[in-house]
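Okay, here's what each chain looks like letter by letter:
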Amino acid sequence: MTTIKNLFFFLGLTGLMFLTACNDDDVEPENEEEVITTVNYTLTPDGGGDTVTLTYRDEDGDGSGAPVITGGTLAANTTYSGSLELLNETESPAEDITEEIQEEDEDHLFFFTVNGANLTVAYADMDANGNPTGLATTVTTGDASAGTLIVTLRHEPTKPAATLAEAGGETDIEVSFPVSIQ
Amino acid sequence: MRIYFILSLFLLISVTSIAQECSYTLSGYLVDEDSNTPLEYAGIIISETQQGVHSDSTGYFEITNVCAGNYQIEFSHIGCECLNQQLQIKRDTVVTFYLHHHAELLEEVVVRTNRADLSTQTSTSISEGDISKESNKNLSDLLENITGVSTLKNGSGISKPVIHGLYGNRIAILNNGIAQAGQQWGNDHAPEIDPASAQYISVIKGANALAYSSNSLGSIVVVDGGSITDNTNLQANLNYIYQTNGRGHTFNTRLEQNGKWAAWRYVGTLKKIGDTHTPNHFLTNTGKGEANISFQIEKKFSTQWHNKFYYSLFNTEIGVLRGSHIGNLTDLETALARSRPFFTQDEFSYTLNPPRQEVKHHLLKFESKYFINDLQSFRFQYGGQLNNRKEFDIRRGGRSEIPAMSLNQFSHFLEGNYNLQTLNNWQLKTGLQFRTVDNANEPGTGIIPLIPRFNSYTPSVFGILQKQNNQWLFEVGGRYDYRFFWVKIQEGTSSNIVRYDHQFHNYAFSTGAKYRDSSNLKASFNLGYMQRAPEVNELYASGLHQGVSGIEEGDRNLQQEKSLKAIGSIDWNIQENTLLQATAYYHYIDDYIYLQPQDDFRLTIRGAFPVFIYEQTDAALYGADLQLTYELIPNLELVTKYAIVRGKDRVNNNAIINLPSDNLFTSLEWRLPSSDRFNDTYISINGRYVWQQDRITAEQDFVAPPEAYYLMGLQMGTSLPFGTSKVDVSLTVDNLFNVQYRDYLNRLRYFADEMGRNVSLRVNYQLGH
Chain A
0 MTTIKNLFFF
10 LGLTGLMFLT
20 ACNDDDVEPE
30 NEEEVITTVN
40 YTLTPDGGGD
50 TVTLTYRDED
60 GDGSGAPVIT
70 GGTLAANTTY
80 SGSLELLNET
90 ESPAEDITEE
100 IQEEDEDHLF
110 FFTVNGANLT
120 VAYADMDANG
130 NPTGLATTVT
140 TGDASAGTLI
150 VTLRHEPTKP
160 AATLAEAGGE
170 TDIEVSFPVS
180 IQ
Chain B
0 MRIYFILSLF
10 LLISVTSIAQ
20 ECSYTLSGYL
30 VDEDSNTPLE
40 YAGIIISETQ
50 QGVHSDSTGY
60 FEITNVCAGN
70 YQIEFSHIGC
80 ECLNQQLQIK
90 RDTVVTFYLH
100 HHAELLEEVV
110 VRTNRADLST
120 QTSTSISEGD
130 ISKESNKNLS
140 DLLENITGVS
150 TLKNGSGISK
160 PVIHGLYGNR
170 IAILNNGIAQ
180 AGQQWGNDHA
190 PEIDPASAQY
200 ISVIKGANAL
210 AYSSNSLGSI
220 VVVDGGSITD
230 NTNLQANLNY
240 IYQTNGRGHT
250 FNTRLEQNGK
260 WAAWRYVGTL
270 KKIGDTHTPN
280 HFLTNTGKGE
290 ANISFQIEKK
300 FSTQWHNKFY
310 YSLFNTEIGV
320 LRGSHIGNLT
330 DLETALARSR
340 PFFTQDEFSY
350 TLNPPRQEVK
360 HHLLKFESKY
370 FINDLQSFRF
380 QYGGQLNNRK
390 EFDIRRGGRS
400 EIPAMSLNQF
410 SHFLEGNYNL
420 QTLNNWQLKT
430 GLQFRTVDNA
440 NEPGTGIIPL
450 IPRFNSYTPS
460 VFGILQKQNN
470 QWLFEVGGRY
480 DYRFFWVKIQ
490 EGTSSNIVRY
500 DHQFHNYAFS
510 TGAKYRDSSN
520 LKASFNLGYM
530 QRAPEVNELY
540 ASGLHQGVSG
550 IEEGDRNLQQ
560 EKSLKAIGSI
570 DWNIQENTLL
580 QATAYYHYID
590 DYIYLQPQDD
600 FRLTIRGAFP
610 VFIYEQTDAA
620 LYGADLQLTY
630 ELIPNLELVT
640 KYAIVRGKDR
650 VNNNAIINLP
660 SDNLFTSLEW
670 RLPSSDRFND
680 TYISINGRYV
690 WQQDRITAEQ
700 DFVAPPEAYY
710 LMGLQMGTSL
720 PFGTSKVDVS
730 LTVDNLFNVQ
740 YRDYLNRLRY
750 FADEMGRNVS
760 LRVNYQLGH
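In order, the protein sequences belong to chains A and B.
According to numbering that gives the first Met the number 0, the stretch in the first sequence is residues 0 to 181, in order.
According to numbering that gives the first Met the number 0, the stretch in the second sequence is residues 0 to 768, in order.
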């Protein structure tokens with residue numbers, strides 16, 4: 000009979016383990032650190048004139064909410080200095096992701112793909128290895144036209160790379176702005 | 000073929016009679032110690048007098064005209080090596096022999112039988128010897144040796160078994176009797192078990208899992224340490240494998256002894272494998288390391304009270320192909336267009352960089368079995384598991400060394416079983432079970448967890464009734480689970496934590512019959528209905544699945560899956576040298592949960608992504624497994640295995656994805672005669688043909704499934720005896736002709752080819768066998 004008693008003792012003991020295991024403690028919310036919600040591409044004309052800011056904002060990250068995209072109108076046959084700014088606006092104040100990219104500029108590369116519009120984008124910055132990154136650019140417009148400008152950011156690409164296909168890596172940003180040149 | 004045959008002779012009723020010296024009768028029952036069911040048609044012989052009989056279908060035997068004296072009693076069962084038992088006979092003796100009768104495994108042309116033989120289920124096993132030969136592989140890859148089992152892979156290091164078209168949560172894995180409570184959320188999560196810790200691994204291709212899992216749809220993988228040796232001398236088994244592809248080293252140690260106080264066993268595994276290689280290039284970052292231990296103690300406090308303690312730690316670090324880590328759909332298209340993945344290095348390396356996984360799984364188990372008498376027994380079981388999974392991604396801002404996901408899963412399982420047998424061959428098995436799972440995310444990852452915090456509580460009850468009637472065994476059973484869980488989820492990028500409760504009632508019923516005509520024919524049929532509650536990932540997954548570049552979303556209104564499976568199987572020794580094993584099944588699943596690709600892409604700041612949402616449909620899966628073993632001439636054996644699975648979405652009228660391609664495997668093995676120097680020398684050649692999976696439509700995948708392929712392999716080995724020890728040496732070549740191919744069930748098919756030729760050299764030292 001002692002064996003049966005032993006069994007019950009063990010049963011009780013494990014029961015106790017259950018009770019201690021089933022704690023209903025609260026969940027600590029996780030702070031999403033690597034979100035980029037906003038891309039601002041500011042174009043300042045070299046000879047003076049109206050500054051144009053192209054903006055892409057998607058506050059819910061991968062969620063189903065649609066992004067808000069603001070395109071722009073550029074002056075024909077003008078040279079602009081382009082500057083990219085990346086923000087995480089889920090935080091308050093907004094976190095500047097541009098700094099992170101700058102610190103790791105060897106591991107990042109922006110691409111600018113133009114469809115339809117009469118403009119060219121040239122790199123105007125360099126990383127520690129002497130390769131362009133694309134945070135600073137020179138944009139030159141031609142005659143009046145309209146189209147899209149696609150800005151792509153690749154993480155850990157092959158640098159330097161002439162095309163997206165050559166670069167590899169993974170896409171951190173791929174946004175398309177409607178642009179017109181008048 | 001090694002069978003452990005530990006006898007426990009525990010009921011000795013003696014009937015005194017005044018009789019002549021040689022007119023005593025020895026009679027009684029042969030009973031399987033584990034299942035408490037009769038051992039039918041087992042042989043029992045008195046060594047000294049060579050008087051012998053076979054037990055009948057109820058396990059009963061009777062030897063008459065026995066003289067008084069001390070005897071060695073020998074037992075035999077199909078394919079067993081049997082141990083003897085001392086018995087003194089002074090009068091008519093009735094005795095029940097509890098035979099510790101583990102796995103009888105098919106290695107020669109005999110009708111396969113094993114543990115599940117004592118039910119109406121169909122099952123197949125892999126023995127300790129075969130596990131040891133391929134201990135450099137993982138559990139799922141070993142299981143692929145069984146007809147009808149395929150593996151769903153994420154590169155060469157991560158794989159999970161697919162049985163009859165089902166995988167992941169729909170399959171139960173029993174690790175030493177305890178349902179594995181790992182993290183089966185994604186196709187990139189492999190079962191956390193070291194196959195080297197097992198004495199045998201079986202697949203029960205059943206229609207029900209009534210006695211086991213609360214949430215599977217039939218098939219069960221059983222990984223079991225079996226019984227410890229009854230030898231009082233130390234037994235040692237050291238196993239080393241070098242593989243050329245990945246320059247991998249695997250080292251296993253197994254020590255066991257039937258010690259003075261208790262029997263014990265220790266198993267340890269160390270594994271280090273580097274970047275594997277396709278015929279053309281390295282697969283950068285596909286190495287892995289493992290360091291596993293397990294410890295088992297068996298103690299019998301009395302002949303009636305048996306105890307078993309088991310602890311194991313599975314500890315691994317696995318790299319994921321660097322080139323498979325991509326961003327959006329454009330990246331995927333770029334990757335698809337390349338034959339050599341991005342980031343492929345020209346140099347070999349053992350280093351693991353992100354993306355990689357670190358997994359630790361602890362299992363602590365205690366089992367106590369009490370035999371009230373020879374017809375009734377109680378069993379109590381506790382299993383505690385802790386699973387820690389960390390996944391590291393390529394991240395910005397120096398965060399790559401911070402896990403992108405870090406989950407701790409605690410689970411506890413308690414079970415009380417009662418077994419009753421009657422003298423007229425009825426048997427009742429009943430049990431009460433309680434399981435809890437507590438899954439928590441370690442904070443500080445900087446990423447909202449893919450799997451939310453949840454706690455689940457599942458009390459269950461089951462009963463199975465069996466009736467043995469000559470060559471027939473009938474079975475009927477039922478199970479009920481109440482499943483309650485709550486989830487605490489962080490909604491969107493806000494820091495609001497919301498709690499949701501769910502409860503499900505799962506019912507399962509099953510019935511079956513088995514016919515067995517001596518050792519030439521065995522046939523069984525099983526019909527099972529069961530329900531499976533949706534898992535947390537199916538309800539709550541939310542976010543980007545890197546590498547498949549898709550956004551996965553759960554649906555918290557999912558209902559249970561309802562499944563009806565019919566399975567029939569036959570083992571038939573057509574002639575003395577021909578064995579046919581065939582299984583056919585039809586599986587109806589209503590409200591089958593699957594990931595449905597949505598029509599529209601989702602536009603995010605990272606570009607466009609396809610969206611997959613967990614939806615339900617009605618499905619049907621059916622197929623067949625065939626195996627033919629044919630001994631052409633003595634010692635030359637041809638084995639052919641063929642498996643097909645078909646799956647249909649009955650609502651949308653298209654094929655189910657991720658089903659294995661049809662495959663045909665043939666091996667020809669020649670066993671050389673033994674000499675004084677060399678034993679068990681063999682050489683075998685094999686071929687595997689895998690058809691293209693051509694049933695899915697273009698909308699169901701990013702690219703067409705890979706083409707058909709044919710691989711050949713070679714194996715040879717011998718055994719060198721040295722007194723009480725022996726050394727086995729063997730050589731295995733996989734993908735002999737270095738064929739370049741891709742497999743439909745490997746997620747990395749989008750990015751890279753499969754491994755090329757791999758030569759493995761194994762040296763195994765056994766002491767005391």
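Treat the hints with care, as some may be off.
[Unchecked claim] Just the calculated beta-carbon pair ranges, DEER-fashion:
#1 B:D500 / A:E102: 57 to 65 Å
#2 B:Q739 / A:A123: 26 to 34 Å
#3 A:E165 / B:T577: 36 to 44 Å
#4 B:L730 / A:P159: 45 to 53 Å
#5 B:L730 / A:T162: 44 to 52 Å
#6 B:N407 / A:N130: 54 to 62 Å
#7 A:E88 / B:Q739: 29 to 37 Å
#8 A:E165 / B:H504: 51 to 59 Å
#9 B:R339 / A:E103: 21 to 29 Å
#10 A:E27 / B:V762: 47 to 55 Å
#11 B:H504 / A:D25: 27 to 35 Å
#12 A:Q101 / B:G686: 30 to 38 Å
[As the list claims (entries may be wrong)] According to the in silico footprint, chain B covers these stretches of chain A (three or more CB under 8 Å from chain B):
#13 70-79
#14 137-145
[Unchecked claim] With a straight-line Cα cutoff of 20 Å, these simulated EDC-like cross-link-like pairs (lysine to aspartate or glutamate) come out:
#15 B:K487 / A:E105
#16 B:K487 / B:E414
#17 B:K487 / A:D25
#18 B:K487 / A:E31
#19 B:K389 / A:D126
#20 B:K389 / A:E105
#21 B:K487 / A:E99
#22 A:K158 / B:D554
#23 B:K389 / A:E33
Think of the hints as simulated: they come from the structure by calculation, not from any bench.
The beta-carbon is built from N, C-alpha and C at its ideal position, and this holds for glycine as well.
Against the structure shown, which of the earlier numbered hints fail to hold, in ascending order?
-> Hints 1, 2, 3, 6, 7, 12, 13, 14, 15, 16, 19, 20, 21 and 22 contradicted; others consistent.
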